[in-house]
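**Student:** Residue-level listing of the chains:
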Amino acid sequence: MPLLEIQNLTVEFPTISGLFRAVDGVSLTCDTGEILSIVGESGSGKSVSMLALMGLLPSNARITADRMAFDGKDLLSLSARQRRTVIGKDMAMIFQEPMSSLNPCFTVGYQLGETLRLHMGLNRAERRTRSIELLKFVGIPAPEDRLGNYPHQMSGGMSQRVMIAMALACNPKLLIADEPTTALDVTIQAQILELLVRLQRENGMALVLITHDMGVVAETAERVQVQYAGQKVEEQPVSGLFRDPHHPYTAALLASLPERAVIGERLPSIPGVVPGQHDRPEGCLFSPRCTFATDLCRREVHEQGPDFGRALCNYPLRIGIPMGHPTLSVALAGEDA
Amino acid sequence: MLRFIFGRLLVLIPTFIGVSIIAFAFIRMLPGDPVMLMSGERVMAPERHAQIMAELGLDRPMYIQYFDYLVGLLQGDFGKSIISKRSVLTDFLTLFPATVELSFCAIVLAVALGIPAGVLAAVKRGTWLDQTIMGTALIGYSMPIFWWGLLLIIFFSGYLGWTPVSGRISLMYFFKPVTGFMLIDSLLSGQPGAFKSAVTYLILPTIVLATIPLAVIARQTRSAMLEVLGEDYVRTARSKGLSPFRVVGLHALRNAMIPVITTIGLQVGVLLAGAILTESIFSWPGIGKWMVDSVFKRDYAVVQGGLLLIAAVIMIVNLVVDVLYGLVNPRIRR
Chain A
1 MPLLEIQNLT VEFPTISGLF RAVDGVSLTC DTGEILSIVG ESGSGKSVSM LALMGLLPSN
61 ARITADRMAF DGKDLLSLSA RQRRTVIGKD MAMIFQEPMS SLNPCFTVGY QLGETLRLHM
121 GLNRAERRTR SIELLKFVGI PAPEDRLGNY PHQMSGGMSQ RVMIAMALAC NPKLLIADEP
181 TTALDVTIQA QILELLVRLQ RENGMALVLI THDMGVVAET AERVQVQYAG QKVEEQPVSG
241 LFRDPHHPYT AALLASLPER AVIGERLPSI PGVVPGQHDR PEGCLFSPRC TFATDLCRRE
301 VHEQGPDFGR ALCNYPLRIG IPMGHPTLSV ALAGEDA
Chain B
1 MLRFIFGRLL VLIPTFIGVS IIAFAFIRML PGDPVMLMSG ERVMAPERHA QIMAELGLDR
61 PMYIQYFDYL VGLLQGDFGK SIISKRSVLT DFLTLFPATV ELSFCAIVLA VALGIPAGVL
121 AAVKRGTWLD QTIMGTALIG YSMPIFWWGL LLIIFFSGYL GWTPVSGRIS LMYFFKPVTG
181 FMLIDSLLSG QPGAFKSAVT YLILPTIVLA TIPLAVIARQ TRSAMLEVLG EDYVRTARSK
241 GLSPFRVVGL HALRNAMIPV ITTIGLQVGV LLAGAILTES IFSWPGIGKW MVDSVFKRDY
301 AVVQGGLLLI AAVIMIVNLV VDVLYGLVNP RIRR
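If you're matching them up, the sequences are chains A and B in order.
Under the numbering used here, the first residue of the first sequence carries the number 1, and numbering increases by one thereafter.
Under the numbering used here, the first residue of the second sequence carries the number 1, and numbering increases by one thereafter.
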């Protein structure tokens with residue numbers, strides 16, 4: 001049984017103009033000791049689905065799922081109080097903006113110690129020892145001096161290290177990192193990613209890494225799940241995804257990596273924008289932006305089997321060729337012949 | 001920190017001079033003079049009037065009078081009342097405890113109710129509870145204080161007979177003031193029932209005086225909380241598995257208190273400056289009532305000296321607020 005298993009998770013928010021569906025039937029599994037990356041552009045529902053898992057969404061969010069299990073516990077049936085014994089302890093999360101994620105009114109030592117006291121019942125002296133150990137663990141020099149610091153006295157990278165130390169305080173089985181490097185300098189980004197991967201190996205925990213940066217995915221993850229407009233469109237091991245993306249969106253995303261651009265030419269981009277609340281198309285949500293879309297795609301869309309990375313596409317790609325496409329695959333096959 | 005406090009104390013000097021000039025000039029701009037008002041309905045002969053004015057030194061040019069006054073101030077002399085001939089400073093020190101006692105109780109009440117009400121309204125934003133709290137706060141803020149005070153007196157003192165109408169303690173009790181604070185003095189006197197009596201006299205004025213600060217604090221707390229509750233660090237606190245009470249009451253409230261403390265400080269200043277209306281309604285012998293009476297009598301010395309002392313109190317309160325501010329908000333500590 002996987003450590004984390006989510007089936008058909010849907011999150012909706014009531015807005016003045018009706019329900020907005022931020023996450024639409026997403027399923028996900030993650031095993032102990034695995035790094036799973038969730039990729040997608042802004043608004044693809046990657047953060048929201050993880051916040052729903054942590055129970056951190058505002059109370060007006062409507063969360064439904066067929067199954068949401070972590071470490072053998074059915075999260076859907078837990079009360080809020082019972083869930084709080086899990087989050088922060090066995091399941092921890094770090095966020096995009098380290099500077100604003102730490103409370104400006106409390107010292108680093110206090111914020112670290114709070115978790116230790118709550119979940120592990122450590123006394124003052126034990127908390128101090130463990131806090132120093134944690135700060136040392138995440139690579140903060142002179143941890144004894146840092147305990148008395150306030151967040152405004154630290155840099156972004158340093159703050160994110162403290163956030164990581166806080167998340168790791170109780171040796172969690174699962175760490176969710178929500179774009180942990182987006183707000184940081186490039187040099188610091190690499191350091192933080194390296195740190196996360198090292199800690200994941202040393203602690204043997206599962207790591208869910210949310211990002212929109214394919215470079216980050218390539219460097220760190222083992223398995224990737226691509227999300228688009230609240231839906232999961234594809235999942236694959238990293239190597240497979242980069243070599244042979246099955247969903248046209250994944251392919252387009254990879255094609256628009258600056259590293260893959262031809263020097264002297266415009267950077268490739270995906271035409272159009274992610275559909276919003278009011279222009280959600282029928283059928284495949286990517287169809288308005290897809291080069292291969294047919295009338296069928298604009299009516300309905302089917303999920304493919306594991307061979308095609310469970311791609312949510314009627315004509316999944318194989319080495320760039322849309323399989324079963326009424327016009328293109330025939331033409332391309334004809335060219336080959 | 002010491003440097004900061006010292007710096008702030010230095011700023012007091014020019015402020016003090018400014019206040020002394022304004023107080024000195026404004027009271028003299030009012031038509032009439034103390035001698036004329038002392039004579040009352042009877043018409044005083046112009047010669048006699050001039051003679052008394054000269055005796056009081058009020059016939060000299062304004063700048064000489066001001067200079068004289070300033071020299072006195074520098075020697076710690078706030079002057080003597082033109083009418084009662086008592087020292088302004090002594091009168092102030094006698095009356096000020098009554099105002100402090102009333103203001104303290106009012107601000108404690110306002111904070112004790114206003115902050116939880118504001119937090120509750122913010123947490124339950126948009127619900128009937130939020131609307132009820134904010135609606136009540138708006139009524140409290142908009143109500144004329146003298147009218148509200150009279151309503152309470154009519155109902156609780158007149159109709160129900162639960163509380164006395166005016167004064168600080170029942171006439172049955174008499175003891176020498178030790179601290180000037182009736183609650184403490186009544187306890188020290190050891191007379192049975194004295195403390196209870198002092199409390200009953202304090203209840204209505206406290207409620208009346210607390211009404212506006214309570215409304216202001218509740219509204220300010222609500223808006224500060226709403227802002228803070230959306231912050232990333234509140235989400236972090238929740239992600240640790242902390243109870244909602246701790247997340248809201250500690251992580252969010254500590255940050256929301258920063259603007260609220262400023263508001264409380266301003267309100268304390270306003271209250272200490274003399275809760276003029278409340279003290280007048282309840283015949284509370286504090287500095288608010290003292291100042292109003294002196295203005296009506298054109299007691300120049302009392303008005304200018306009293307204003308200066310009140311200004312000093314407000315400046316000290318502001319200084320304390322600034323220091324507190326640093327304690328709550330580590331970002332402005334140095």
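Read the hints as simulated data drawn from the structure, not as lab findings.
Mixed in with the good hints there might be a few duds.
[To be verified] Reference excerpt, derived from the structure (chain A facing chain B, CB under 8 angstroms, subset only): (1) K89; (2) M93; (3) L118; (4) F137; (5) G204.
Nothing here was measured: the structure is a model prediction, and the numbers come from that model.
Ideal placement from N, C-alpha and C gives every residue a C-beta, glycine not left out.
**Student:** Does each hint fit the structure? Answer for all of them.
**Tutor:** Taking the hints in turn, this is what the structure says about them:
1. K89: holds, 6 angstroms
2. M93: Holds, because the Cβ-Cβ distance from M93 (chain A) to chain B comes to roughly 5 angstroms (cut-off 8 angstroms).
3. L118: Status holds, d = 6 angstroms.
4. F137: violated, 18 angstroms
5. G204: Hint violated; G204 (chain A) Cβ to chain B Cβ min 22 angstroms, cut 8 angstroms.
Comparing the model with each earlier hint shows violations of hints 4 and 5; every other hint is respected.
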